[in-house]
Amino acid sequence: MMDLNDEQYHRLQHAIALTRESLAIAAELGDDLSAFQLKHALHSLHYISELARLIHQKCPEGLAGVA
Numbered sequence: 001m002m003d004l005n006d007e008q009y010h011r012l013q014h015a016i017a018l019t020r021e022s023l024a025i026a027a028e029l030g031d032d033l034s035a036f037q038l039k040h041a042l043h044s045l046h047y048i049s050e051l052a053r054l055i056h057q058k059c060p061e062g063l064a065g066v067a
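Position 43, counted from 1, in the sequence shown is what our numbering calls 43; the numbers after and before it change by one each time, with no gaps.
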């Protein structure tokens, strides 16, 4: 399982936001992203973001103290 402290959580959220923005720009520029690829990439980012949020809410100092 992952350990996420506050700094790691915020860095992960920032990376996810940048990746979403990059995918949106790539789609606007007509890069070779199919609708299927874009949909699944965004779905994966959403899943990762929600998982990180849930882990962080459950134990903000990280999971090391829970085990």
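Hints should not be assumed to be uniformly reliable.
Unchecked claim - No more than 25 Å apart at the CA atoms, straight line, and that leaves these computed lysine to any residue pairs for SDA-like:
| hint | residue 1 | residue 2 |
| --- | --- | --- |
| 1 | Lys39 | Lys58 |
| 2 | Lys58 | Ala17 |
| 3 | Lys39 | Asn5 |
Claimed, not checked - Simulated restraints on C-beta separations:
| hint | residue 1 | residue 2 | range |
| --- | --- | --- | --- |
| 4 | Asn5 | Leu29 | 16 to 24 Å |
| 5 | Lys58 | Asp32 | 37 to 45 Å |
| 6 | Phe36 | Ala15 | 28 to 36 Å |
| 7 | Gly30 | Asp6 | 17 to 25 Å |
| 8 | Leu54 | Arg20 | 28 to 36 Å |
| 9 | Glu7 | Gln37 | 15 to 23 Å |
| 10 | Lys58 | Thr19 | 33 to 41 Å |
| 11 | Ser34 | Gln57 | 31 to 39 Å |
| 12 | Glu50 | Asn5 | 29 to 37 Å |
| 13 | Glu50 | Ala26 | 19 to 27 Å |
| 14 | Glu28 | Gln57 | 13 to 21 Å |
| 15 | Lys58 | Glu28 | 21 to 29 Å |
| 16 | Gln8 | Glu28 | 15 to 23 Å |
| 17 | Glu7 | Glu28 | 15 to 23 Å |
If you're looking for bench data, these hints aren't it; they were derived computationally from the structure. Where is the CB? At the ideal position from N, CA and C, for every residue including glycine.
Against the structure, the hints:
1. Lys39 / Lys58: Cα-Cα ~29 Å, so violated.
2. Lys58 / Ala17: holds (22 Å)
3. Lys39 / Asn5: violated (29 Å)
4. Asn5 / Leu29: 16 to 24 Å: At 36 Å between Cβs, range violated.
5. Lys58 / Asp32: 37 to 45 Å: Since Lys58 and Asp32 have Cβ atoms about 39 Å apart, the given range 37 to 45 Å holds.
6. Phe36 / Ala15: 28 to 36 Å: violated (23 Å)
7. Gly30 / Asp6: 17 to 25 Å: Given range 17 to 25 Å: violated, Cβ gap about 39 Å.
8. Leu54 / Arg20: 28 to 36 Å: violated (19 Å)
9. Glu7 / Gln37: 15 to 23 Å: violated (31 Å)
10. Lys58 / Thr19: 33 to 41 Å: With a Cβ separation near 24 Å, Lys58 and Thr19 fall outside 33 to 41 Å, so the hint is violated.
11. Ser34 / Gln57: 31 to 39 Å: holds (34 Å)
12. Glu50 / Asn5: 29 to 37 Å: violated (18 Å)
13. Glu50 / Ala26: 19 to 27 Å: holds (23 Å)
14. Glu28 / Gln57: 13 to 21 Å: With a Cβ separation near 33 Å, Glu28 and Gln57 fall outside 13 to 21 Å, so the hint is violated.
15. Lys58 / Glu28: 21 to 29 Å: For Glu28 against Lys58, whose Cβ atoms are near 37 Å apart, the range 21 to 29 Å is violated.
16. Gln8 / Glu28: 15 to 23 Å: violated (31 Å)
17. Glu7 / Glu28: 15 to 23 Å: violated (32 Å)
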